[in-house]
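Those protein sequences? They're chains H and F, same order as listed.
Position one of the first sequence corresponds to residue 5 (the working numbering), numbered consecutively onward.
Position one of the second sequence corresponds to residue 526 (the working numbering), numbered consecutively onward.
A hint or two may mislead.
To be verified - Subject to a maximum C-alpha distance of 27 Å in a straight line, what follows is the list of computed DSS-like cross-link-like pairs (lysine-lysine):
| hint | chain 1 | residue 1 | chain 2 | residue 2 |
| --- | --- | --- | --- | --- |
| 1 | H | 6 | F | 588 |
| 2 | F | 1265 | H | 296 |
| 3 | F | 819 | F | 588 |
| 4 | H | 41 | H | 89 |
| 5 | F | 607 | F | 785 |
| 6 | F | 941 | F | 908 |
| 7 | F | 941 | F | 1104 |
| 8 | F | 588 | H | 41 |
| 9 | H | 6 | H | 89 |
What the hints assert, rightly or not - Here are some chain F residues pointing at chain H (derived, C-beta under 8 Å):
| hint | residue |
| --- | --- |
| 10 | 549 |
| 11 | 553 |
| 12 | 648 |
| 13 | 661 |
| 14 | 663 |
| 15 | 1138 |
| 16 | 1194 |
| 17 | 1256 |
| 18 | 1258 |
| 19 | 1262 |
Quick caveat, the hints were computed from the structure, so don't treat them as lab data.
Keep in mind that this is a model prediction, so the values were computed, not measured.
C-beta atoms are modelled at their ideal positions from N, C-alpha and C, and glycine is treated no differently.
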Amino acid sequence: MKNFDYVRAGSVAEAVAAHGAGAAYLASGTNLLDLMKGGITRPERLVDISRVSGLDAVETLPDGAVRIGALVRNATLAHDPAFAKSYPAVAEALLSGASAQLRNAATTAGNVLQRTRCQYFYDTASACNKRDPGAGCEALGGATRTHAVLGWSEHCIATHPSDFCVPLAALDAIVEIEGPAGRRAIPLADFHRLPGDTPERETELAPGELIVAVRLPPDAKKFAAHSRYLKVRERTSYAFALVSAAVGLTLDGDRIGQARIALGSVALKPWRAREAESLLADQVPSPALFAKAADAALAGATPSGDNAAKIELARRIVVRALTLAQAGTPARIPALPASPFAAAPSGARP
Amino acid sequence: MTERMRHGASIGQPLTRRDGPAKVTGAARYSADFHPGGMLHAVMAVSAIARGRVTHLDVAAAKAHPGVVDVMSPENAPALAKSPDEKDNPFAFRLDLLQNGNVRYANQPIAVVIAETLEAATEGAALLNPRYEAETPSVELGGETIFTPDSVGAGSPTQEGSGDIEAGFASAGTRMEATYETAAQYHNALEPHTSVAQWDGDRLTLHTPTQALWIAKGRLAGLFGIPQENIHIVSHYLGGGFGSKGFISSPQILGIMAAKLVGRPVKLVTRREQMFGSVGHRAATRQTLKLGAKADGTLTALDHHTLTLTSRHDDFVEACGLIARHLYASEAIATTHAVSRADIGTPIFMRAPGEASGSVAVESALDELALQLDMDPLELRLKNYAEVEPITHRPFSSKALRECYAQGAERFGWSKRPRQPRQMRDENGLRVGWGMGTATYPAGMMQGEARATIRADGTALVETAAQDMGQGAWTVLAQIAADGIGLDGDRVELRIGDSDLPNGGLAGGSTGTATSGSAVHAATQGALAALEDLAVNDRASPLYGAGNAGTVAEGGRLARRDDPTRSESFSDILARAGKDSVEAKGTGAGDPASRKTYAMHAHGAVYAEVKVDPDLGQIRVTRLVGAFAAGRIVNPRLVRSQYYGGMIWGVSLALHEHAVLDTRSGRVMNPNLAEYHVPVNADVPSLEAILVEEHDPHVNPLGIKGVGEIGITGTAGAIANAVWHATGTRVRDFPITLDKLLG
């Protein structure tokens, strides 16, 4: 691989100062090292933030929000009992991703920043506007079973592969950032960009900016009793989602109070379905209502190739996730997290 | 479960792997673990295009990179004594050894960068930045002229059948016709193709994983123009082979050429994505099955036509039709093959070549016929049970398939299966389906030799250039040797995996244990005979004069067959004769007369349960029960492990595995283990393999049939049939992915 400089930062300020043109932050490297070995990204310098102190805590803030440090491992977070109780869909999403070994290494910020799994992005012999702006998108017209059905453009039809980000988007998570220009925060739902004509710009991060934490707002807990993450994939473990859905409901008597819905692996960002959410608010839940909400969530969907099945699949997973969420969050995370093969809570299934 | 396969002191015992401790402690050294002094690292550059030629490589940029020692390209590649395109036997597959700039398939090697470090070589390869004159590739099945090949598989006839197929269909009350497609698959052994090559003048030492040491030695001798004795290949352990290491591949030879070019030892390890091209694959197929049957299920016609594809530059044809020649009785049988060329790497033998893809089509078709006839699928198979081999009418050397059907069905609970689909749900509302299929694979033999030495210290040494690719040769050959000599296993030293040893045949085609095991057995008998000669002719021996009665060996002693109290230890016999040891060679090969008289196959029955989500189409195999009969079982633990492995490959063929091809570029778009899906633990919840007793007096003196491949056959069809039973949807395009069930 290409030779690079390696700098180990001891603090956020040191990390930001060490960053520069051609640099990349390195935490666990579960995605970055693969990309470097494949020649997909070729940084001049790695700024290793894995030893920066103060980024590995899960803390409750005075206002009730929860702040997850950028370096908190996916496994640590998922297995934190207090966290999993308050945000079960987030824990379920984390445990449905990758493998145990990867979850032990992968970090909160790294997961948010993971790159697409588009095979044409990974194949350096193929043209890709993300890798080489202006080169074209060779995925168009190619092998596209898994590509985007929402928010894509003729410049890029890739998807964002994260499980974790889907419930984060649904729960209005905030991304805390520190960079050369100081600190700021961006809603996670606005953090990832749709491709438009600049698919090489994947997030709102400015050069040198570093995610230092992800925050879940105080009211995100209110969905705890009725929330699920569900993932359809082509094998039972260690596979990226074909489509996934995170759902949270509050129930007020026999009516839904508020609803939150986000879809995964359908677009270049976790896809928040706000229209579907408003359709559900203050309504009596029913299969017909859930179907209507699913239709609304996928209203703008169009195949970007040979992937029309994903639209139907996404509709169905929304209905299923709503049905399961209504029935109630399982007391413990199932042995096969986010899988339709996990035992459902009683009453959730016909 | 009690082990009922007890045959000898060692044969039949469920011993753990002799190489197990070395493997789990890391002491076992695989090819890439060898690092001769002064060794350099080589990395291949491979072609991005599938057809055309390389017009430019930026060799200067690569050489300028710190650490790069040299770049091997068609400009400077060492001359070979023989063209790598010369086919002096049908299994000398054409190789891509930088003989020119032509590109015949994507991922073909086009240059090799040799450097002081792996990182420098990798970067050097990236800096070559090749330019091409590209032509439009054709990679699709039937995309070009379809023709009838000269032979299929390992030299089998393209067409074979019996009876009048038209008359068979004419007399059929029920007919079915369906076309099934299987996807291209790549072997993807965990260990990539690797060479650590060291030249000393015209002598070569090579650490490389191979399933056939002597075949590799012969090929290399021809290519490099040196005597076979000058080549020493070490291949003690393989991290899987599955056919892709049966014949030495281009990357392995490029490592040897690189070492010759730079005059230093070189290690070349194929990158995972580079394994999707020059090291073989299982070609895609489109198979049409036409069946005719009487109302009682008796088959009157079985017509199996296969269309597959092969490379533009070589011939290997997936022999899907073979299975229909051996498995079911039918008044008339027709099996035919056709092929079209494509700009792909040459397909090659891949675990159960022919039979795996053929079985899934045949077993699916029989299930579809059973539905039309309103018959139980097992009953239909029993109705057409072949008492003799169809077509040849030879008796089977042994065939306990009926027992396999019965024991598997009993264990699985098949009798409770509702005939109609969509009848079963689990407590969570998931649809449940049950399916079955017949497993079969030929009990072939190659030719092999072994040498056995009985030593004065009461131990024995047994040597053969057999290969252990994980199947357990280190263990089972020692078991066979121990029983053959009459010693405890821990007093037998086994040497395998080294080309300086006698030719142990090929670890492939389910022939490895039968062949090298027979050779080992014969060698031990020869060594004992030599020992007996010393004793029975020695007046001082208690065995003197036992020549007519004969002797038996047990516990390190020879005893008179007719009077076990008269015995003498091996050590005493040798000591008195003033010898350090006696040795003998033995041969293992099929007996031509028996093989002409009898049809020889292993058989089995596989029962599958799947669950399918009714809305999302997601499929999960929840239970697999296989019952297999394969002659004498040398080691039930390892045999079961082989069956499990095969059955998991069946799950893979049915539900997961496929190379995603971009037909415009001819490139495989999922060349990594994250996207090229094979089942993981969570996909295989419950596996059971029943070892059905079978005694075969004809197949070889030990009565051994191979077990490495049969597990795939039957399994994939059983799963496809279970998916139908769960959903009522018949998917004929494999793998069965969930989008095909959404409807």
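These are the hints, each one checked on the structure:
Between residue 6 (chain H) and residue 588 (chain F) the alpha-carbon distance is near 14 Å, which keeps this suggested pair within the 27 Å criterion. As the CA atoms of residue 1265 (chain F) and residue 296 (chain H) are separated by approximately 24 Å, the hinted pair is consistent with the 27 Å bound. Restraint check for residue 819 (chain F) and residue 588 (chain F): the C-alpha separation of about 72 Å exceeds 27 Å, so the hint is violated. Distance hint between residue 41 (chain H) and residue 89 (chain H) is unfulfilled; the C-alpha atoms sit about 39 Å from each other, more than 27 Å.
Under the criterion of a C-alpha separation no larger than 27 Å, the hint pairing residue 607 (chain F) with residue 785 (chain F) is consistent with the structure, at around 16 Å. Our distance criterion of 27 Å between C-alpha atoms is met by residue 941 (chain F) and residue 908 (chain F), whose separation comes to about 20 Å. A hinted pair counts as satisfied when its Cα atoms are at most 27 Å apart, and residue 941 (chain F) with residue 1104 (chain F) does not qualify at roughly 67 Å. This hinted pair checks out: residue 588 (chain F) and residue 41 (chain H) have alpha carbons roughly 20 Å apart, not beyond 27 Å.
As the CA atoms of residue 6 (chain H) and residue 89 (chain H) are separated by approximately 45 Å, the hinted pair breaks the 27 Å bound. With a cut of 8 Å, the hint placing residue 549 (chain F) at the interface with chain H is violated, because the nearest CB-to-CB distance is about 18 Å. The interface hint given for residue 553 (chain F) is broken, as the beta carbon of that residue sits about 22 Å from the closest beta carbon of chain H, more than 8 Å. For residue 648 (chain F), the interface hint holds, since its Cβ comes within 8 Å of a Cβ in chain H; the closest pair sits about 6 Å apart.
A distance limit of 8 Å between C-beta atoms decides the matter here; for residue 661 (chain F) the minimum to chain H is near 15 Å, and the interface restraint is violated. At a threshold of 8 Å, the smallest CB-CB gap from residue 663 (chain F) to chain H is about 16 Å, leaving the interface hint violated. Because the smallest distance between the Cβ of residue 1138 (chain F) and any Cβ of chain H comes to about 4 Å, under 8 Å, the interface hint for this residue holds. For residue 1194 (chain F), the shortest C-beta to C-beta distance to chain H is roughly 4 Å, which falls under 8 Å, so the interface hint holds.
For the restraint placing residue 1256 (chain F) at the interface with chain H, the shortest Cβ-Cβ distance is roughly 13 Å, beyond the 8 Å limit, so the hint is violated. Interface restraint check for residue 1258 (chain F): the shortest CB-CB distance to chain H comes to about 13 Å, outside 8 Å, so the restraint is violated. This hint holds: residue 1262 (chain F) has a C-beta 6 Å from the nearest C-beta of chain H, less than the 8 Å allowed.
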